[in-house]
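K.L.:
Residues per chain are reported as follows:
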Amino acid sequence: MSFHPLMEYDRAKFQKSARHTVPEGPPFALTPERRAQLDEIVTKYPPDRKRSAVLAALYLVQEQQGYLTANGMRHIAPLLDMTPAEVDDVATYYVMFHKAPVGKYVLQVCRTLSCALNGAERVTEALSEKLGIGIGETDPSGMFTLVEFECLGACDRAPVVMVNNELWHECLRPEDAGQLVDAIKAKGAAVFSGCHLEVER
Amino acid sequence: MDPILTKYIREPNSYTLDFSVKHGAYEGLKKALAMKPNDVIELVKASGLRGRGGAGFPTGMKWQFVLKDTPLPKYIACNADESEPGTFKDHVLMERNPHSLFEGCLIGSWAIGAKVAYIYIRGEFYHVQQIMEAELAKAYARGYVGKNIMGSDFHCDIVLHRGAGAYEAGEETALIESLEGKRAQPRIKPPFPAVSGLYNCPTAVNNVETLCNLPPIVLNGAEWFAKLGPEKNGGPKLFCVSGHVKKPGVFEASMHTTLRQLIYDYAGGIRDGHQLKAVIPGGSSVPILLPDQLDVAASFDDVVKAGSMLGSAGIIVMDETTCMVWLARNLLYFYKHESCGKCTPCREGSDWLYKILTRIENGEGVMRDIDLLVSVGGNIVGKTLCAFGDAAATPALTTVKHFRQEFEDHIREGRCTLPAEWRATRMTTAHAH
Ligand SMILES: Cc1cc2nc3c(=O)[nH]c(=O)nc-3n(C[C@H](O)[C@H](O)[C@H](O)COP(=O)(O)O)c2cc1C
Ligand code: SF4
Ligand code: FES
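Each protein sequence line maps, in turn, to chains A and B. FYI, the numbering for the first sequence is 1 to 201, going by this note's numbering. FYI, the numbering for the second sequence is 1 to 433, going by this note's numbering.
Isolated chain A (complex conformation) (with noise of 0.2 Å):
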């Protein structure tokens, strides 16, 4: 039986559902500085409203230990008025918080059609041969995650990677991705191109 009648029902190609769950993590408690970050945050929202700060303390708590867990959201919850398990609801809802442990540089290569069009499966193909791992994997080293991201707003400098969910690097060619993760290596964040509005200014 199926909900189309064309669509055949196969419980594992169709109806594979796609749960995450969070790893429980060690202890948890944000320091005194991010935690005045976030007491000023939740100022800008309405005093009944403080749950508009998820996003921030979330941020917050990656920050500090790489990626979520439950027991970062279970300390962040009470502060927000929020229970932990609508923490969770959020947290897994967005992209850019990592449930899992990830490496020092993520690499999230902008797969959508612009970058498509200029070759971003290819730079994709080219640092996963480079690192040996597939996508969403960790290098044994635990320097690099490769992931695929959606279109990042900077389709004029296609392909586009996001590293870390901050720095950027443009305008990547497949040929070159195999030498960028050398020149991490190397030299670190410094290599990365940047926005190029940022760089031309």
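Please note: incorrect hints may appear among the correct ones.
To be verified - Here are the simulated DSSO-like cross-link-like pairs (lysine-lysine), alpha carbons at most 30 Å apart as the crow flies:
#1 247/B / 44/A
#2 115/B / 44/A
#3 44/A / 189/B
FYI, nobody ran anything at the bench for these hints, they're computed from the structure. In this text, all values refer to a predicted model and were calculated from it rather than measured experimentally.
Given the coordinates of chain A, work out where chain B with the ligands should sit on it, guided by the hints.
P.N.:
Below, chain B with the ligands alone, put in the same frame as chain A:
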């Protein structure tokens, strides 16, 4: 037309407060504060300014719907989520001309009576937000934002709110949900945000480019603005051209300009030795136009007459090396990934379309799959909570409509018949699942 919104973006300091004020920033606000709020709304109505976020809804009218007689606070929510594939104009405005956005937010707040304007900026634009935070702090320090703005008795705060990666957060009610600290999933309308939006208070949701148009309207008048473009499509417009063109980029032009001019004159035409095959004129959500349909003005109304939509003015250009089955599959992956999951036709349908396209692209399709695409797509359109559903079905429906032959070839030959050299060599790397 000389650029208005992007006039100074090539200057190294265009984003700073000093530079902006020297070149007229906050003059429009000053003039607006000397007017009655209602007169500002009337002025914007007379200018015919239409929302630049995608729908092209008249901004003045939207503001007029904002409930007036209510004890509740009112809000401006600026939509800086810019996630429609192929669109990158708000990015430029915010990074190079942030004070015009702040000024626009304040004019809007004055007009509708808001005391806070939230700018919801997509999480990926972290570098942009850093610049904006610094500039906003300067504007506060100099009395352009905050208490007693420019010596008046008008108080208004501007808050930058960082999203966290969700296309659907660009839909206005989903944006409000996200601002409230929830999943970015749309609400049922009505009530519209103008009546009950952020924190259940009257809220005007406006796109970045829309708000940036306000200072010049206030300064130069409604008639000046309306005359810059065709009837009902006045003002300057930012166009984003990307894909297989020689000089991709953001171009400011009047909506008299034709799509062909934008592609050939502004963006330099198709990359060397190739021919134009298809154009998506308004971000990935709108139907394809063919090369012989491009001699239309790139205005909200004319592009509709040509059979598509101007949408977010993200013009994506494809040359003859582009396989249309591959293209539909690329976009359907985006839509199935970004569907918020609230309604079944969109959540399941986008995934089904993706899976059917995958098997056709892999050479495992059967002829009836083509009609299946049309059937599944047709069962999404118009049956969902927000316009995302229509957008998700469009890439499948429009490619089948214009390029049915390519689908048949794939199925008959059992392989992709147009594997371009810029595509992945193995299906396993690029979005295999
Ligand atoms: C799925 C979906 C995504 C949207 N994404 C955006 C967006 O990224 N930016 C934007 O300004 N408007 C977006 N919109 C349009 C908004 O819902 C809304 O119409 C717009 O922000 C109103 O502002 P405007 O009148 O100034 O255009 C989106 C709409 C839908 C249905
Ligand atoms: S149409 Fe799609 S994105 Fe919009 S509410 Fe329904 S499931 Fe969510
Ligand atoms: S498609 Fe990659 S940035 Fe838009």
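K.L.:
Going straight from one Cα to the other, do residue 247/B and residue 44/A come out at no more than 30 Å?
P.N.:
violated, 41 Å
K.L.:
Please work out if residue 44/A and residue 189/B have their alpha carbons no farther apart than 30 Å.
P.N.:
holds, 27 Å
K.L.:
Does the structure keep residue 115/B and residue 44/A at a Cα separation of 30 Å or less?
P.N.:
holds, 12 Å
Hint compliance for this structure: hint 1 alone is broken.
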